[in-house]
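As they're listed, the protein sequences go chains A and B. For the first sequence, the positions run 0 to 623 when numbering that gives the first Met the number 0 is used. For the second sequence, the positions run 0 to 354 when numbering that gives the first Met the number 0 is used.
Because the hints were derived from the structure by calculation, they are not lab data.
Covered stretches of chain B, going by a simulated chain A footprint (3 or more residues, C-beta under 8 Å):
| # | region |
| --- | --- |
| 1 | 222-230 |
| 2 | 242-252 |
| 3 | 263-272 |
| 4 | 277-291 |
| 5 | 312-321 |
Each computed SDA-like pair below joins lysine to any residue, with the alpha-carbon atoms no more than 20 Å apart:
| # | chain 1 | residue 1 | chain 2 | residue 2 |
| --- | --- | --- | --- | --- |
| 6 | A | 112 | A | 43 |
| 7 | A | 23 | B | 318 |
| 8 | B | 30 | A | 71 |
| 9 | A | 595 | A | 307 |
| 10 | A | 23 | B | 209 |
| 11 | B | 287 | A | 5 |
| 12 | A | 23 | B | 263 |
| 13 | A | 320 | A | 620 |
| 14 | A | 178 | B | 243 |
| 15 | B | 30 | A | 182 |
| 16 | A | 23 | B | 206 |
| 17 | A | 553 | A | 511 |
| 18 | A | 23 | B | 320 |
| 19 | A | 200 | A | 61 |
| 20 | B | 57 | B | 0 |
| 21 | B | 3 | A | 2 |
| 22 | A | 524 | A | 221 |
| 23 | A | 200 | A | 138 |
| 24 | A | 443 | A | 241 |
| 25 | A | 23 | B | 313 |
| 26 | A | 23 | B | 207 |
| 27 | B | 287 | A | 2 |
| 28 | A | 99 | A | 88 |
| 29 | A | 107 | A | 63 |
| 30 | A | 23 | B | 210 |
| 31 | B | 40 | B | 96 |
| 32 | B | 30 | A | 70 |
| 33 | A | 354 | A | 449 |
| 34 | A | 240 | A | 511 |
| 35 | A | 23 | B | 268 |
| 36 | A | 581 | A | 620 |
| 37 | A | 173 | A | 198 |
| 38 | B | 287 | A | 1 |
| 39 | A | 487 | A | 318 |
| 40 | A | 178 | A | 197 |
The C-beta atom is built at its ideal place from N, Cα and C for all residues, glycine as well.
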Amino acid sequence: MVILSIIFLFLLVIIRMSYLQIIKGPMISELAIDLWERSIPIDGQRGNIYDRNGELIVGNKLSPSVAAINRQVSNKEETALFLAGVLNTSYEKIYDHLNKNVSIELIKPEGRKISSEQAREIVRANYPGIYVVGDTERFYPYDSYLAQVLGFTGIDNQGIAGIEYYYENFLIGKDGGLKIVTDAKGNYMHDIVGNYEYPNKGLDVYLTIDIGVQMVMERVIENAVARYSPEQMLGLAMNPKTGEIYAMASYPTFEPGNYQSYPQEIYNRNLPIWMSYEPGSTFKIITYAAGLEEGVFTLDETFNDPGFYMVDGARLKDWKKGGHGTQTFLEVIQNSCNPGFVEIGLRIGEEAFFKYVNDFGFGSRTGVDLLGESTGIVFNPEVIGPVELATSAFGQGNSVTPIQLVTAASAAVNGGILMQPYILDSVGYGDMEEIVFRNEPTVKRQVISSQTSDIIRYALENVVAKGTGRNAFIDGYRVGGKTGTAQKVGPNGTYMDGNYILSFLGIAPMNDPELVVYLAIDNPKNTIQYGGVVAAPLVKEVLQEALPLLGIEKQDNQIDREVRFWIDTPFYDVKNYIGMSKKDVSRSPFYNVEIKGDGEEIVAQIPIQGERILEGGTIVLYTN
Amino acid sequence: MNRKVLLLSLILSSIGVVMIYSASEIWAEFKYGNQYYYLSKQILFFAVGIIIMITVSKIHYGYYYKYANLIFFSSLIILILVLVPGIGSIRGGARSWIGVGQFSLQPSEFIKLGLAIFVAKVLANNVFKSLKDYFGLLLIIVVVFLIIMLQPDFGTGVVIVSSMVLVLIISGLPIGTIVMVGVMGFAGLVMLIISAPYRMKRIFAFIDPWSDPLGSGFQIIQSLYALVPGGLYGFGLGGSRQKYYYLPEPQTDFIFAIITEELGLLGSITILIIYLLLFYYILMISIKSNSQFGTYLSLSIGILLFMQFIINIFVVIGLIPVTGVTLPFLSYGGSSLVLTLASMGIIINIAKEVK
Numbered sequence: 000m001v002i003l004s005i006i007f008l009f010l011l012v013i014i015r016m017s018y019l020q021i022i023k024g025p026m027i028s029e030l031a032i033d034l035w036e037r038s039i040p041i042d043g044q045r046g047n048i049y050d051r052n053g054e055l056i057v058g059n060k061l062s063p064s065v066a067a068i069n070r071q072v073s074n075k076e077e078t079a080l081f082l083a084g085v086l087n088t089s090y091e092k093i094y095d096h097l098n099k100n101v102s103i104e105l106i107k108p109e110g111r112k113i114s115s116e117q118a119r120e121i122v123r124a125n126y127p128g129i130y131v132v133g134d135t136e137r138f139y140p141y142d143s144y145l146a147q148v149l150g151f152t153g154i155d156n157q158g159i160a161g162i163e164y165y166y167e168n169f170l171i172g173k174d175g176g177l178k179i180v181t182d183a184k185g186n187y188m189h190d191i192v193g194n195y196e197y198p199n200k201g202l203d204v205y206l207t208i209d210i211g212v213q214m215v216m217e218r219v220i221e222n223a224v225a226r227y228s229p230e231q232m233l234g235l236a237m238n239p240k241t242g243e244i245y246a247m248a249s250y251p252t253f254e255p256g257n258y259q260s261y262p263q264e265i266y267n268r269n270l271p272i273w274m275s276y277e278p279g280s281t282f283k284i285i286t287y288a289a290g291l292e293e294g295v296f297t298l299d300e301t302f303n304d305p306g307f308y309m310v311d312g313a314r315l316k317d318w319k320k321g322g323h324g325t326q327t328f329l330e331v332i333q334n335s336c337n338p339g340f341v342e343i344g345l346r347i348g349e350e351a352f353f354k355y356v357n358d359f360g361f362g363s364r365t366g367v368d369l370l371g372e373s374t375g376i377v378f379n380p381e382v383i384g385p386v387e388l389a390t391s392a393f394g395q396g397n398s399v400t401p402i403q404l405v406t407a408a409s410a411a412v413n414g415g416i417l418m419q420p421y422i423l424d425s426v427g428y429g430d431m432e433e434i435v436f437r438n439e440p441t442v443k444r445q446v447i448s449s450q451t452s453d454i455i456r457y458a459l460e461n462v463v464a465k466g467t468g469r470n471a472f473i474d475g476y477r478v479g480g481k482t483g484t485a486q487k488v489g490p491n492g493t494y495m496d497g498n499y500i501l502s503f504l505g506i507a508p509m510n511d512p513e514l515v516v517y518l519a520i521d522n523p524k525n526t527i528q529y530g531g532v533v534a535a536p537l538v539k540e541v542l543q544e545a546l547p548l549l550g551i552e553k554q555d556n557q558i559d560r561e562v563r564f565w566i567d568t569p570f571y572d573v574k575n576y577i578g579m580s581k582k583d584v585s586r587s588p589f590y591n592v593e594i595k596g597d598g599e600e601i602v603a604q605i606p607i608q609g610e611r612i613l614e615g616g617t618i619v620l621y622t623n
Numbered sequence: 000m001n002r003k004v005l006l007l008s009l010i011l012s013s014i015g016v017v018m019i020y021s022a023s024e025i026w027a028e029f030k031y032g033n034q035y036y037y038l039s040k041q042i043l044f045f046a047v048g049i050i051i052m053i054t055v056s057k058i059h060y061g062y063y064y065k066y067a068n069l070i071f072f073s074s075l076i077i078l079i080l081v082l083v084p085g086i087g088s089i090r091g092g093a094r095s096w097i098g099v100g101q102f103s104l105q106p107s108e109f110i111k112l113g114l115a116i117f118v119a120k121v122l123a124n125n126v127f128k129s130l131k132d133y134f135g136l137l138l139i140i141v142v143v144f145l146i147i148m149l150q151p152d153f154g155t156g157v158v159i160v161s162s163m164v165l166v167l168i169i170s171g172l173p174i175g176t177i178v179m180v181g182v183m184g185f186a187g188l189v190m191l192i193i194s195a196p197y198r199m200k201r202i203f204a205f206i207d208p209w210s211d212p213l214g215s216g217f218q219i220i221q222s223l224y225a226l227v228p229g230g231l232y233g234f235g236l237g238g239s240r241q242k243y244y245y246l247p248e249p250q251t252d253f254i255f256a257i258i259t260e261e262l263g264l265l266g267s268i269t270i271l272i273i274y275l276l277l278f279y280y281i282l283m284i285s286i287k288s289n290s291q292f293g294t295y296l297s298l299s300i301g302i303l304l305f306m307q308f309i310i311n312i313f314v315v316i317g318l319i320p321v322t323g324v325t326l327p328f329l330s331y332g333g334s335s336l337v338l339t340l341a342s343m344g345i346i347i348n349i350a351k352e353v354k
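In isolation and in its complexed conformation, chain A is listed as follows:
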């Protein structure tokens, strides 16, 4: 019996030990390893950001960091003095780090992202307990391009703004670490090898951006800034069928790697989605679409413009002194004739008109996957009277964001479907190895019929071919578009004198729109304040370079029915008029020269030098 009891107790011991080993083993071992090992963290690299074609926009570069296992630091004073010298910081700061009661202290921010020279110096000095760990920081091959969209990361490689913040969950990496086995006092146990736990890289984000188009837009903006010294500029390029954003630019801009040196208004404001202002004539596309959809006019119907329109006792002036006279409604949009649009607006009526305004997405966010989008301001239905309706019809009174305008215009020309704009194309991992998520276009609603959309495309192509948008005309590409000249509202609520936002919204090709480009320039100096003069050539430049980049081919059937006429009619090279005095301007029997303004010297011209003009066409000269 005694022997049996002893054997029973023995078996109990063996069962218990096996139970600990097999059942509890993994849990206890993990806890024990946690106890023994000090981990020197190694940041998991963030995923890369690519454009739609896999061009790297944001990558990573190595940047070492300093970590201390304080219990191993034998001489804190001496070590702190040395580190403070190498890291160019104060002795006290480092000394504080070294005296923190933690198993491992990252010397940050002082020792974060140091140069390789500093790292080499620290490694060579070999102070006990001081470690240099591999770390990475963001690297921007295109410097400040796309900056407000991309955003930036903080000291711990965490996304703080822009895509970096919005898609943090995709981009963030899983930290790894160099595990060192230590004793209970924190000393390094030299004879026991620690593990190296590999950090995992975050997922890569592919944007709908085409970096080629982006570069074109940024360069155009840079040149325009140099020429016109505007307060602000913004550009937006989008696929009108899908809502994919090809390019998005803001001026003034910043370098994401060095964002701290810029005021927060610059890095926090992604102008194409943040800024809202009265759009001016570009909004007429919406009025035109609503009128056509409601059937309140036809293109060949005539309208007489005396130069103003009396609404409820208010005299709403046309931009052209004396008006455009009798014209068709096609010519109304070609000429951007304000009274014509007042007529369209009044014919539609308040309720229907503002239903279209809302349906086209104004007054609410587009839902683009970017931070900091504004809603814009649409007239409160309770205060809308005939005057508000009339001004809204030609683009004043309501304030809209560029992305709302571009999305709405896209709906007007793409067959009538309002798309949700987006910038995330797909998510992948392993340096373009595999795609794990692909974003799809989102349809919001059908706003107008595709038949109406067909007519708008025809009308907008005419605006560029024959009207105020002709500075955006490109041989071989069927460009359509609309100019915009919006007076800015000052701090006191009234329009500011001589302070405009000039814009142009260009679309191509008009038989099957593939690209919308919108550029706006806020308060340009030294120029005539017309969108057609300043913004249209800029959009033309972007379109001209961007269309081939996107693989869109030239066509030879511009302006469907009038193509014969265009080809058969002789062209004349336009010479330079700028700088000439009014009386020296020579007339030609083949084309008209029209001078606008009361000044003596010519300061601008449409079209510009080097372009061609059709026989019977008009060169418009603007005086100072």
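Assemble the complex: chain A is given as a structure, and chain B must be docked to it using the hints.
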């Protein structure tokens, strides 16, 4: 059989010397600046222990019968003396040591042997049948237990009481009494535990050590961290991590944890089998002894050894609360090793006269 007991005792003690060095080198270096501090002392104890074991094995065990009362009462007096401040000194919270400086003894180790001899003599002289017959012995056992609890040395007290009661049961203590003694013992334990809150904490700690990982659960957690990660084969001799200041005094109560960490589950099971063989031979000697006294003396010594062994192992593997009992042969400690070897000497001597 006497040779087998000798051999197994020497094997276990030698393993003890090696493992004490491995377990203690870090603490020894830290506390005394000498990594061989505990090793050198244990080698000395081992040498003294071998001499005493061989000497004792030559003394006929009949002398213990003759001087049983003297041996028991002198060890009882030393046990009482240790409680007197100035004579007894405090180590690790208990006044369990007597003597000065380098040379000091643990009287509780002596009383184990003294009590075993006394009980064996009384059982050999009488044929006990009823509880009344056993009353005197039970009273003496309880008195010894209470004196030890004054130090306090709960672990040794429990080892002595449980072993001696077990011996009495084997000798014929009635079952009803066993139950009663069990209940009384349990009630006593409960009272003792309630009277000292730290014992309460220790109890909770063994059920869920992670409820108080830095306090009462600390030792058990550290013990588990040594027992488990080594796996089947261990980290190899000298490869313990827990001895690096994680497990307090790894060379004493928790040496079995370090052994398992370094030698693995297989190594520690091998050592358990060596113990099992030793207990088996001691029981055989007890059964085959040609005198009643020899039977009861070897039984008492064997069961004392076994109880101390099993309580230590149960503590290390987290089956019972931490009690502060060393592992015979393997744990560091002079009094423990020398007297354990001396008692093996007695067993060897008894074995010489088996039928």
